[in-house]
Amino acid sequence: MTKLSTKKCLLMCLVISLVLIVAGAFLFGFLGFNTDSTTQDYTSVEVADNGYMATDSAFRSSLEELCLGEIEGKYAVGNVSYSDFAGTDPHLEFILSEIVGDEEMGTFVEGLESTLSTETYGDTGRTYGEIADISVTYHNAVYAAHYEQVWRAAIAAAVVLVLLFAYVAIRFKVGMGVTSLIAAVHDVLLTLAVVALCRIPAGAPLVCVAVFAMLFSMFLNLKVFGKMRKDFRLDERKDLSAKDAIELSVRESRKGVFIASILAAAAIVVLAVVGIIAGFDLFSFMIAALVAVIACTYSSLVLSPTIYTLIKEKSDAARARKARYDYSSEKANKKNAKVEGNRPEESAGNA
Amino acid sequence: MGKKKSVVLIVLITIVLAGVLFLSITPTFYVSNVNRFNSLLSIVDLGSDLGDGYYTVYYPEGVISKSEYEMLEAEYEYALENGDSGSGSVDDPAEEYTPYKGIYLSNEFLENGTVLQSFQDDFDRAYEAIKSRFEARRLSDYSVRLQDDYTIRVEVPALDHDDAEADAVAQSMFQTFAYSGELLFTDATSSTASGTAEMDGTSENIRSASTSNAGDSGYAVVINFTSAGQEAFRELTSTLSSSDSTTLNVLLGDHTLLSATVSEEMDVYITGGYTQESAETIATLINCVIRDGGTFDLGFESPSYYEMSPTLGEHTALVVAICIGVLALAMLVFSLIKFKGMGLAHTYGFITYALAVIACISLIPAVQLTLGGVLAILLASAIMVSCNYYAFNNIRKEFATGKTLTSSIKSGYKNSLAFTIDVHAILVIAGLAFYLIATAAVRYMALVFTLAIAISAVCTLLVTRFYLYMFMAQPKNERRRIAFVGFKREETEDD
Numbered sequence: 001m002t003k004l005s006t007k008k009c010l011l012m013c014l015v016i017s018l019v020l021i022v023a024g025a026f027l028f029g030f031l032g033f034n035t036d037s038t039t040q041d042y043t044s045v046e047v048a049d050n051g052y053m054a055t056d057s058a059f060r061s062s063l064e065e066l067c068l069g070e071i072e073g074k075y076a077v078g079n080v081s082y083s084d085f086a087g088t089d090p091h092l093e094f095i096l097s098e099i100v101g102d103e104e105m106g107t108f109v110e111g112l113e114s115t116l117s118t119e120t121y122g123d124t125g126r127t128y129g130e131i132a133d134i135s136v137t138y139h140n141a142v143y144a145a146h147y148e149q150v151w152r153a154a155i156a157a158a159v160v161l162v163l164l165f166a167y168v169a170i171r172f173k174v175g176m177g178v179t180s181l182i183a184a185v186h187d188v189l190l191t192l193a194v195v196a197l198c199r200i201p202a203g204a205p206l207v208c209v210a211v212f213a214m215l216f217s218m219f220l221n222l223k224v225f226g227k228m229r230k231d232f233r234l235d236e237r238k239d240l241s242a243k244d245a246i247e248l249s250v251r252e253s254r255k256g257v258f259i260a261s262i263l264a265a266a267a268i269v270v271l272a273v274v275g276i277i278a279g280f281d282l283f284s285f286m287i288a289a290l291v292a293v294i295a296c297t298y299s300s301l302v303l304s305p306t307i308y309t310l311i312k313e314k315s316d317a318a319r320a321r322k323a324r325y326d327y328s329s330e331k332a333n334k335k336n337a338k339v340e341g342n343r344p345e346e347s348a349g350n351a
Numbered sequence: 352m353g354k355k356k357s358v359v360l361i362v363l364i365t366i367v368l369a370g371v372l373f374l375s376i377t378p379t380f381y382v383s384n385v386n387r388f389n390s391l392l393s394i395v396d397l398g399s400d401l402g403d404g405y406y407t408v409y410y411p412e413g414v415i416s417k418s419e420y421e422m423l424e425a426e427y428e429y430a431l432e433n434g435d436s437g438s439g440s441v442d443d444p445a446e447e448y449t450p451y452k453g454i455y456l457s458n459e460f461l462e463n464g465t466v467l468q469s470f471q472d473d474f475d476r477a478y479e480a481i482k483s484r485f486e487a488r489r490l491s492d493y494s495v496r497l498q499d500d501y502t503i504r505v506e507v508p509a510l511d512h513d514d515a516e517a518d519a520v521a522q523s524m525f526q527t528f529a530y531s532g533e534l535l536f537t538d539a540t541s542s543t544a545s546g547t548a549e550m551d552g553t554s555e556n557i558r559s560a561s562t563s564n565a566g567d568s569g570y571a572v573v574i575n576f577t578s579a580g581q582e583a584f585r586e587l588t589s590t591l592s593s594s595d596s597t598t599l600n601v602l603l604g605d606h607t608l609l610s611a612t613v614s615e616e617m618d619v620y621i622t623g624g625y626t627q628e629s630a631e632t633i634a635t636l637i638n639c640v641i642r643d644g645g646t647f648d649l650g651f652e653s654p655s656y657y658e659m660s661p662t663l664g665e666h667t668a669l670v671v672a673i674c675i676g677v678l679a680l681a682m683l684v685f686s687l688i689k690f691k692g693m694g695l696a697h698t699y700g701f702i703t704y705a706l707a708v709i710a711c712i713s714l715i716p717a718v719q720l721t722l723g724g725v726l727a728i729l730l731a732s733a734i735m736v737s738c739n740y741y742a743f744n745n746i747r748k749e750f751a752t753g754k755t756l757t758s759s760i761k762s763g764y765k766n767s768l769a770f771t772i773d774v775h776a777i778l779v780i781a782g783l784a785f786y787l788i789a790t791a792a793v794r795y796m797a798l799v800f801t802l803a804i805a806i807s808a809v810c811t812l813l814v815t816r817f818y819l820y821m822f823m824a825q826p827k828n829e830r831r832r833i834a835f836v837g838f839k840r841e842e843t844e845d846d
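For the protein sequence lines, the chains are U and W, in the order given. In terms of the working numbering, the first sequence has 129 at position 129, counting the first letter as 1, and numbering is strictly consecutive. In terms of the working numbering, the second sequence has 463 at position 112, counting the first letter as 1, and numbering is strictly consecutive.
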């Protein structure tokens, strides 16, 4: 902003943001978000028995190992889980990382079932099928999207934006209210666009990231505008042009913005690293949150000041014009002159 | 503040904070053979991403699993071996069912190998209705999946940290949400039996259903009638009170949702003793069935439910808690190094904040912590730390202008007051708006954020400042006070 003119800077910011948002929107329109493990459709292989694996954990582990080896020989396995219903109806579920066609899965399941009826368990001399009457099947599951959650969050966001504008316009300035509003919308859209563009896996909790982006954007923008509000009251800043005054305030509030952003980013990065070990969904969620932090920091230090500079320049110019052509005072002067002119007649009449 | 008073306060506050810290974060341990100590953190209700959950698979009547089919096959073979097949008590499942993906469909639903359109339509209506019931239940996170085209798999979080209670809640919710049929107010015990009087449970008569705390008798389901509904209900209850049959049942199909004894003409609501979760489930169901498309005719088998581990991994919640703890510790060490005495006040302030947040998320029943909630806590913490640093920097700037330390602290806080109040006020308002309007994960995230940011406001504006004054009373004179907060002044050093 220091070297470029305000308009050029704003144009550049808007072009970058618009390109990213439009590209993200197109990609979302065509492909949607890259789904994480909680929201993706999947094919699973289910291995159930007559209840034996609920009582013998060694048998269950051995069965799981054998099935996993067989399945991984052909498909990538995303998750393995064991469930039972109060000790009855026990089953192992192997969720595949890909969706497999019915015919292929039907053949595979038959193969696995015959393997289990021929493979012997340990040194018992009996096959798995003989011991536990094992049944193997597969399922294809299609995820149903939560539209109510999305549209209600969108309505809530719209209400929050109106409240934000009203609050900032009253407590700060109308121009700052407009800018905070634009910045909050921009940050949410930019975050979602980058998540779509970078194909970061995202599920239902992505709505939480969007809300986080909005709240963090509000905080950082208020931080910058809070500094401006304080600085604009100082006598030494009153003579500065809008651009210089805003530039100075932004420079001085940069440290505070960075501290908040670094604090949030540090926690997010650590949890993302944990996610690599603990579960990939945590990693992708935290990466999306990190995108939000970066977008908010950028907008509060670059985009918002640029927008507000333009607004302030215009409002300052309008105020100056108003001060130069003070119609009200002119009218008052004319009126006074008229009254002055009439007075001798009135006094004469009175006499 | 006097020095002695300050010492007493420091000792007391340190003991209290240490005690509450112990209660909050100590790992669970046994205090006797039967009793164990549970810290506040260990009783936080977690969403299914961080904590355990339950899932079920709804099988429509006439659709069975492979295990069930194999069981029928075994029964048939046993009957054949024992010569029972001729009696007709056991049918050949191969003649009754046809394999379809991972399930078996009754031949009644098939014509020339293709599924009948009528069954397809019934199932689609039931799928949409069940999906909307879980959506309306406002769970922190859940998922509904269409499995093998004709079964429905639903996953929900555990709604209580007590395993037995969570089991019961999950079972009740899975069963209740599979009820088919129309809503009916009657004294009959099933929709097919004829009662003395009846009232339809449609949107013409019912506006909505909600829950309310009924004190000692648990929670109540409150049904809000329309004016036409009030009149119809008054007529119904006056008929029942004057007849021999005094039990009013609220039926959904053949299932009894609510039951009440009518002794006199009743007005606009009926209540009964329930747990909060079961009352909310029934209220949600009533709200859904009075909407268009909220009911269906297809019957479902009583579902089995299964426990499932957290979707983010078995011990993710613990690891996340440890990481946040380590990060907080690093931040506090940094604060102590950078701001010295003020950093000490910040440390006490932040610990108070953290303990208050832990107490809120563990003791308020409405809170369920999900990944979104963790993000909300991180954000509120970052805001709190940032506001404290802002105040400390203002104090430093004021001191640099030549003011006394006491005056600098006063002015520093005064300068940061407007910003701190504005930030917290707008964020509390935003959090509340999200909590009141949004649903699912965002609602729970907003609740955690609103609580955390409100606590942050109190801790930043009052508690940390109080701690700073408390610690500032300790050094003997102004010079030592200045050294205590890590400031430097030439004149003071010369003195």
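No lab work stands behind these hints, which were simulated from the structure alone. Honestly, I wouldn't trust all of these hints.
[What the hints assert, rightly or not] For lysine-lysine, the following DSSO-like pairs were computed, each having C-alpha atoms within a straight-line distance of at most 27 Å:
| hint | chain 1 | residue 1 | chain 2 | residue 2 |
| --- | --- | --- | --- | --- |
| 1 | U | Lys255 | W | Lys689 |
| 2 | W | Lys754 | U | Lys230 |
| 3 | W | Lys355 | W | Lys761 |
| 4 | U | Lys255 | W | Lys691 |
| 5 | W | Lys417 | U | Lys74 |
| 6 | U | Lys230 | W | Lys689 |
| 7 | W | Lys354 | W | Lys827 |
| 8 | U | Lys243 | U | Lys7 |
| 9 | W | Lys839 | U | Lys255 |
| 10 | U | Lys230 | U | Lys322 |
| 11 | U | Lys230 | W | Lys748 |
| 12 | W | Lys754 | W | Lys827 |
| 13 | W | Lys417 | W | Lys754 |
| 14 | W | Lys689 | W | Lys452 |
| 15 | W | Lys765 | U | Lys230 |
Hinted pair W/Lys355 and W/Lys761, Cα distance within 27 Å: holds (22 Å)
Restraint status (C-alpha distance of W/Lys754 to W/Lys827 at most 27 Å): holds (19 Å)
Agreement of W/Lys417 and W/Lys754 with the hint, judged by alpha carbon distance not exceeding 27 Å: Given that 27 Å is the threshold and the Cα spacing comes to 82 Å, the pair is violated.
Pair hint U/Lys255 and W/Lys691, alpha-carbon separation not exceeding 27 Å: holds (19 Å)
27 Å Cα cutoff - pair U/Lys243, U/Lys7: With Cα atoms ~11 Å apart, U/Lys243 and U/Lys7 stay inside 27 Å; holds.
Given pair status - U/Lys322, U/Lys230, alpha carbons within 27 Å: holds (25 Å)
Restraint check for W/Lys839 with U/Lys255, where alpha carbons must lie at most 27 Å apart: Distance ~22 Å between W/Lys839 and U/Lys255 Cα, so the pair holds.
Restraint status (C-alpha distance of W/Lys689 to W/Lys452 at most 27 Å): Answer violated: W/Lys689 to W/Lys452 is near 65 Å, above 27 Å.
Given hint W/Lys689 paired with U/Lys255 - CA-CA distance at most 27 Å: holds (15 Å)
Pairwise hint evaluation, W/Lys689 against U/Lys230, where the allowed Cα distance is 27 Å at most: Holds: U/Lys230 and W/Lys689 sit about 25 Å apart, inside 27 Å.
Satisfaction of hint between U/Lys230 and W/Lys754, Cα-Cα up to 27 Å: Cα-Cα ~20 Å, so holds.
27 Å limit on alpha-carbon distance, applied to hinted pair W/Lys354 and W/Lys827: holds (9 Å)
Comparing the model with each earlier hint shows violations of hints 13 and 14; every other hint is respected.
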